[in-house]
Amino acid sequence: MYSKSLLLCFLPLVLSQELRVLHRIHDPLASSPAPYTERGQLSLTDSASSAALLSVESLGNDLLEFAESAHSLAGDVWYQVALEREGDAHPGHWATSAVKACHLAQSTSETFIIHQNADGKPFNVDFFVSPIPHDGACPKRSQSVAPYRHTTNTTVLLRSPSRPPTLQLRTPPPLTPQGEQAVPVVEKSFFQKYWIYGVVIMGALLISGGGEEEKPKQE
Numbered sequence: 001m002y003s004k005s006l007l008l009c010f011l012p013l014v015l016s017q018e019l020r021v022l023h024r025i026h027d028p029l030a031s032s033p034a035p036y037t038e039r040g041q042l043s044l045t046d047s048a049s050s051a052a053l054l055s056v057e058s059l060g061n062d063l064l065e066f067a068e069s070a071h072s073l074a075g076d077v078w079y080q081v082a083l084e085r086e087g088d089a090h091p092g093h094w095a096t097s098a099v100k101a102c103h104l105a106q107s108t109s110e111t112f113i114i115h116q117n118a119d120g121k122p123f124n125v126d127f128f129v130s131p132i133p134h135d136g137a138c139p140k141r142s143q144s145v146a147p148y149r150h151t152t153n154t155t156v157l158l159r160s161p162s163r164p165p166t167l168q169l170r171t172p173p174p175l176t177p178q179g180e181q182a183v184p185v186v187e188k189s190f191f192q193k194y195w196i197y198g199v200v201i202m203g204a205l206l207i208s209g210g211g212e213e214e215k216p217k218q219e
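Read in this note's numbering, the sequence shown has 126 at position 126, and its numbers run on one by one without any break.
Incorrect hints may have been included.
As the list claims (entries may be wrong) - Here are the computed distance ranges between Cβ atoms for each label pair: (1) G92 to S72: 22 to 28 Å; (2) E180 to T155: 57 to 63 Å; (3) R163 to S72: 46 to 52 Å; (4) K100 to L157: 41 to 47 Å; (5) R163 to F128: 22 to 28 Å; (6) A146 to G92: 43 to 49 Å; (7) T155 to T37: 57 to 63 Å.
To be verified - Cross-link-like lysine to aspartate or glutamate pairs, in silico, DMTMM-like; alpha carbons within 20 Å at most: (8) K100 to D126; (9) K140 to D88; (10) K100 to D76; (11) K121 to D88; (12) K121 to E18; (13) K121 to E86; (14) K100 to D135; (15) K121 to D76; (16) K140 to E86; (17) K100 to E18; (18) K100 to E57; (19) K140 to E57; (20) K140 to D62.
By construction, these hints were calculated from the structure, which means they are not laboratory data.
Using N, Cα and C, we set each Cβ at its ideal position, and we do this for glycine too.
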């Protein structure tokens with residue numbers, strides 16, 4: 001049975017996909033991983049533009065059991081969620097994401113990011129909880145078990161693939177007959193272009209001003 005406490009948006013009656021979301025406490029040092037238990041069901045609209053996560057009614061009790069299990073383990077323990085792939089019931093093929101289990105006791109919100117392919121089919125999941133310390137360190141371990149509480153502040157985001165920007169090809173540089181890059185001709189300055197005209201004008205002025213001096217008129 002599913003609870004509607006995590007219904008994040010209103011959906012039309014027609015749904016395109018319904019996938020299971022599972023979770024577990026994961027100890028990297030364990031000889032065999034713990035089995036997954038169902039956390040809820042992810043439902044996508046027919047247009048794959050919005051989603052809802054419906055949690056199982058036993059989620060609160062499951063989290064309390066996870067807290068006790070994590071408290072009995074030494075070292076880094078992780079809370080892992082998995083998104084079941086359509087038509088594939090093998091856990092090793094599911095998309096997974098994990099956070100340190102120690103952060104669940106103090107978290108007040110959680111976020112699921114569902115990545116879709118070009119056809120709108122989910123293929124990966126990212127899971128986050130907040131708040132957590134900036135350095136990501138776990139709080140000091142206590143003697144008693146810190147319970148993991150079920151938060152209703154859950155967000156589901158869909159991410160579709162984005163196209164890369166169009167490449168703009170540059171015009172290749174001109175080459176010499178020998179196959180080497182041609183050296184561009186440096187544009188001449190105004191003086192370099194027209195200095196000869198200045199010389200001609202100056203010469204004309206000198207010639208016109210170099211004639212015989214006008215004799216003074218006799219009275």
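Okay, the hints, checked on the actual structure:
1. G92 to S72: 22 to 28 Å: Since G92 and S72 have Cβ atoms about 26 Å apart, the given range 22 to 28 Å holds.
2. E180 to T155: 57 to 63 Å: Hint holds: Cβ distance 60 Å, inside 57 to 63 Å.
3. R163 to S72: 46 to 52 Å: 49 Å, holds
4. K100 to L157: 41 to 47 Å: Since K100 and L157 have Cβ atoms about 21 Å apart, the given range 41 to 47 Å is violated.
5. R163 to F128: 22 to 28 Å: 26 Å, holds
6. A146 to G92: 43 to 49 Å: 31 Å, violated
7. T155 to T37: 57 to 63 Å: 22 Å, violated
8. K100 to D126: 14 Å, holds
9. K140 to D88: Violated, because 40 Å separates the two Cα atoms, which is more than 20 Å.
10. K100 to D76: Judged against 20 Å, a Cα distance of about 7 Å means the pair holds.
11. K121 to D88: With a Cα-Cα distance of about 13 Å, the restraint between K121 and D88 holds, given a limit of 20 Å.
12. K121 to E18: Roughly 11 Å separates the two Cα atoms, so the pair holds.
13. K121 to E86: 9 Å, holds
14. K100 to D135: 12 Å, holds
15. K121 to D76: 33 Å, violated
16. K140 to E86: 40 Å, violated
17. K100 to E18: 27 Å, violated
18. K100 to E57: Not satisfied, since the Cα-Cα distance of roughly 24 Å exceeds 20 Å.
19. K140 to E57: 31 Å, violated
20. K140 to D62: The hint is violated at about 23 Å.
In summary, the structure is inconsistent with hints 4, 6, 7, 9, 15, 16, 17, 18, 19, 20 from the numbered list given earlier, while agreeing with the others.
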